[in-house]
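Keeping their order, the protein sequence lines are chains A and B. In terms of my numbering, the first sequence is residues 1 to 676. In terms of my numbering, the second sequence is residues 1 to 676.
Please note: incorrect hints may appear among the correct ones.
Same chains, same names: a pair is fine if it fits in one copy or spans any two.
[Claimed, not checked] Restricting the straight-line Cα-Cα distance to at most 27 Å, the calculated cross-link-like pairs of lysine-lysine (DSS-like) are:
{"no.": "1", "residue 1": "K286", "residue 2": "K219"}
{"no.": "2", "residue 1": "K247", "residue 2": "K43"}
{"no.": "3", "residue 1": "K76", "residue 2": "K612"}
{"no.": "4", "residue 1": "K83", "residue 2": "K43"}
{"no.": "5", "residue 1": "K247", "residue 2": "K652"}
Derived from the structure by calculation, the hints contain no laboratory data. Keep in mind it's a predicted model, so treat the numbers as computed, not measured.
Number of protein chains: 2
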Amino acid sequence: MSANSVIPSTVNADLQKERDGASFNTEEFAVWFAGGAEQLKFKRDVKEYMYKDIDHAAFSQVEYMSHEDMCEFTVKNSINVAKKLRRLQSERNPGGTEYWPTCFDGPELWGLHKIGNPFGVMFVMVVHALKDQCTPEQYEEFGRRVERFEVCAAYSQTELGHGTYLRGLETRADYDQDTDEFVLNTPSITAYKWWPGGLGHCSSYSIVMAQLYIDGQRKGPHLFYVQVREEDTHEPRPGVHIGEIGKKMGFLGVNNGFLGLKNVRIPRTRMLMRHAQVNRDGSYVKSPVDALTYFAMVHTRCIIARNMSLLLAVGATIGTRYSAVRRQSPIDPKLPEPQILDHVTQQLKVFPEIANCVAYRNACNYLLEFLNTTSRDKDQGNYERLPELHSLSCALKVLCSGDATAGIERLRLACGGHGYLTSSNLGNLYVNATAACTYEGENTVLLLQIGRFLMKSWRAAQSGAPLAPTVSYLAEVQQNPEFGVWTGSWENLVKAMQFAAANKTRIAFNSLSRRLANGLLEEVAANQTGIELTQAAELHGRAFVLYSFLSEVTGAKSKTRSSALNRVLEQLLELYLVNVTLNNMSSILRVVPLTDADLSKLQVRLETALTKLRPDVVAIVDGFDFNDQQLNSTLGSFDGNAYERIFDAALKAPMNQKSVPRSFHEHLGPFMKSNI
Amino acid sequence: MSANSVIPSTVNADLQKERDGASFNTEEFAVWFAGGAEQLKFKRDVKEYMYKDIDHAAFSQVEYMSHEDMCEFTVKNSINVAKKLRRLQSERNPGGTEYWPTCFDGPELWGLHKIGNPFGVMFVMVVHALKDQCTPEQYEEFGRRVERFEVCAAYSQTELGHGTYLRGLETRADYDQDTDEFVLNTPSITAYKWWPGGLGHCSSYSIVMAQLYIDGQRKGPHLFYVQVREEDTHEPRPGVHIGEIGKKMGFLGVNNGFLGLKNVRIPRTRMLMRHAQVNRDGSYVKSPVDALTYFAMVHTRCIIARNMSLLLAVGATIGTRYSAVRRQSPIDPKLPEPQILDHVTQQLKVFPEIANCVAYRNACNYLLEFLNTTSRDKDQGNYERLPELHSLSCALKVLCSGDATAGIERLRLACGGHGYLTSSNLGNLYVNATAACTYEGENTVLLLQIGRFLMKSWRAAQSGAPLAPTVSYLAEVQQNPEFGVWTGSWENLVKAMQFAAANKTRIAFNSLSRRLANGLLEEVAANQTGIELTQAAELHGRAFVLYSFLSEVTGAKSKTRSSALNRVLEQLLELYLVNVTLNNMSSILRVVPLTDADLSKLQVRLETALTKLRPDVVAIVDGFDFNDQQLNSTLGSFDGNAYERIFDAALKAPMNQKSVPRSFHEHLGPFMKSNI
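All chains should be built: construct the whole structure from the sequences, respecting the hints.
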């Protein structure tokens, strides 16, 4: 901060008071939340190294720039991050990958990619896809160049007119046996590749998903590696129409691009041939296992779910700290205006989001372990749990992205007008979260896929076949459809959600069966049952998050934690269970015999849970361990000097650098004079 | 459009097919929705005149500009709109006000204020406040100058640290009897005025809300008219610290400002003295009726509610048309990919929003009539229905802004990735809608006020006092607390929502009474009952919207409409009632005896309502009668050429005007070379 800054060097007294009054040790919470002491230390080391010489002044002006300047700034900035991270890797562990590229696009460095990382997709997806889909020779020839950042490459799949339905993609690659080449074409406007991150200005290569044609015969979508710009001049290659798709709500610096191809020829060896092949003579070898292609998507969705739980945690940190330092509207008229954290309606906006991100972070930990196990199984040719992993990763991707979006919006509104300021960062968090509801599998489409998995599982259970662990409760409910006694215990609340999910699954299954019995095609029947299928899928996902949170808090691991930490986790669990139960009450009431008195008791429990958490919320969000650069928010900084930071940010706005704006002399002044 | 445009001059065939297949006359719907043939004609005339020579090319580039250029563009542009509108007024009806200033910031001209109107607040609020609060002499002296646009003035109330609670404002105006002046000060950072639209760069005057002090004695908040910049040079006046508050999520061209005052002296006669006065000798005359001050706020909230219902209608138009032209994912595998409008899950995203905006538009019509009646009563000294109007305007402001925000978000997500493009305009609609959840009375604060009104009404009903018409159902439920038979008729659904609202009111009342009986202060008890109070308030608002929609569709006015129009309105009503009922089922189930079979029937009715509306949705949104400039969306234009428009907009993006971006030569190219 500059010497003449208005920002005090002390911590806001209201915030300090909260920290001093917490019932547990924030550091112990932080270790738990990070997944262990080593993980926490690693993250902190990376952050210390990477943020220490950040140019705050330049960063604070990015949102005021023109689109072109934003794009330029982001390219320059992300390259600097890459350089620095590679230096860190070579200093600490040459030849390793835990810093570079692993951390390049990870949550620890979000604060360094303020408006996106144009090379994020390249290291999150392109390099992985090349490793998965290239033959070893291909990877040596062109894959490794991307890995080394000698060239820049994008991943082009979605088209202007085609997204969800891969078989509908229009881009085609026709094999020309005479020249041993593929000829690529996007035969219409709707066939243009649209959206790939980094494609617009940065990439000279792209993986391109196209329909393979041999002798005019269609072989379905395959991946090709296509040069789209000259390496030395960066000019588009002949037949290539490339550019950016224009401004979006967020990811302002990521140059999402479009790509049109007109008779672009590439050698046959530029089809990614690890799993399927086209030989010199035009003979075609099909991929042996489809799952190998979709495993990459499963991996990506798990990462998205984890990231969304952390994005919500960033929002919760900002909302909680601001609610501790903002004072407004008396409760007791004899006392000064209280911290807004003391208004019960404010607590209901903020505290459930703290519980949500903790519950989701926990569910994602389980998911990531499951992913690792299944990944090892897969490498040994065992694909048994892949459908279950696929379904669970879809469920958590949907819930984490959807609820992070809604939660961040709620937290922003909880910050009143100031939450609307760009400098609060809540708007930026929101546009990042909501994008994840659409990319890498649109949420409704994923819910329908989960719904199909539930239908299969329900049918399997009916025939007595064993079910995958995360759906085994369906068989139990099928056998014992009576819920039994409502006790309101945590186990009982989890069971209630499982019964609600099973009941909705049953309802959807019956609707589907009835439609099939009436002679409808399976796909038509599934479409008509779409609403119930998505409802069942959502409840199924919720039941899993409830169950895994309960297991974590009350299971064996609780013995490794202090009683103070266990107590606060139990309070988060109580709030989470009661709140989610109330929010899904209409589904629960259809199958669980709750009386009006039971419902009143739940409402009391909700209010009690808020009151009990009240003294600990600031310490909890401190335990998420985000630094000020990750939060990037005038409202949420560790020192709680929110007003001074809002003020300081305003003074630095470009139009406040001169006393009279150009528009007065040129437009407003002359106009008003003409009215006199 | 330019000659080399990729946009066809024909209408998309899928969209045309929808129009041809509609069951009713769109024009008749448009007349109904606009409130009559005359109103529709007036709106169309204004739009034709105002949009005919709009500079599309300039407008399409605004979002790519730097903040400074955006602000400049907006000032220039809004002045042009003002000039043109005044010309229209003088051509059509010199001396009238129906065009200028009435239409200046109205929905008809939204398309001309793409990123906000920096002079909107001036004509929506400042001129009205001056008229209401000035003595006739004051109005002649300085009010009329604002009305004539000879000077620019803002309305400064909210402070950096103070919003909701007016009595907590820190800005003070001390009367100095020696010089017959007020001395204005913002004694701290948190006292700075913060947020007023147009204050940052445009205004040389501002109404300032400040605590009046006479001889050190506090008299509460009053309004003062303060010069903040020199008229000729526009330089800030001595003691005035003025500027803009920096970038926000939306309203990018509105220069929301801050204002610090240090011993700024104004003549005593610059306090707005129509209702309260300070005399030369320092004697103080209090305002006779507080309601006179808050009536202006009531008026503003009614307008906001109406605008939000229309903003949602804009979103619904875009979402519906795009869903008609986008084809994706087969339903019947033997057929081509269908319009996404045929996917039932898509119907559930889009159709209820169409019904919502129609229901809200209708409720706001009732509200605006109620406002007019009450306004006339008030002018005759009759304030009887003011509390009811206040409560209803709060309820509709809350519901319309909250549901418009959620609905626009849902519609945007229904448009997939392309909804995320700035050129879709859905992001801009969203930031406009969500801002209204906070400004002019934060929604939760308003719900608590409605809650208090419900508590008073419940207590009055208990004592047998008559209730205002819009809460009279509370007394009925109190007298007959048994719901009776569930029939599922429309009347029955409305009654169910009223019972749910009354039941939640009863629960909140009992909780509050219990807390009071336990010795809590009323304010503390109200805070602790906050959650139930807001729930009751929301249900009360919903019951009103249901009731007024039912009345409109089935009431006497139905005889003035064709049976075809009545049928489509009935279908909208059916969808609206069933959907809102299902969404509030957990509250309804506590008091209405629905069986599981009844719930299944409602689900079938929901799906049936979607199916029945399917052929008419495009014609309905056509009947909202927005032109392409108002929609301002590549996805939603009347011709349905969505892909071509997205494509065209991308080609016009500034960075697509050269083949290689600067960043390649300066940053990316050298970096990649260094890696080889």
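Each hint tested on the structure:
Taking the closest pair of Cα atoms, K286 and K219 come within 27 Å of each other only inside a single copy of the chain (9 Å); across copies the shortest separation is 85 Å, beyond that limit. Taking the closest pair of Cα atoms, K247 and K43 never come within 27 Å of each other, the shortest separation being 33 Å inside a single copy and 31 Å across copies. In this homomeric assembly, K76 and K612 never come within 27 Å of each other (Cα to Cα): the closest approach is 48 Å inside a single copy and 55 Å across copies. With identical chains, the CA atoms of K83 and K43 are at most 27 Å apart within one copy only, with a shortest distance of 18 Å there and 59 Å across copies.
When the C-alpha separation of K247 and K652 is checked against a cutoff of 27 Å, the pair qualifies both within a copy, at 25 Å, and between copies, at 11 Å.
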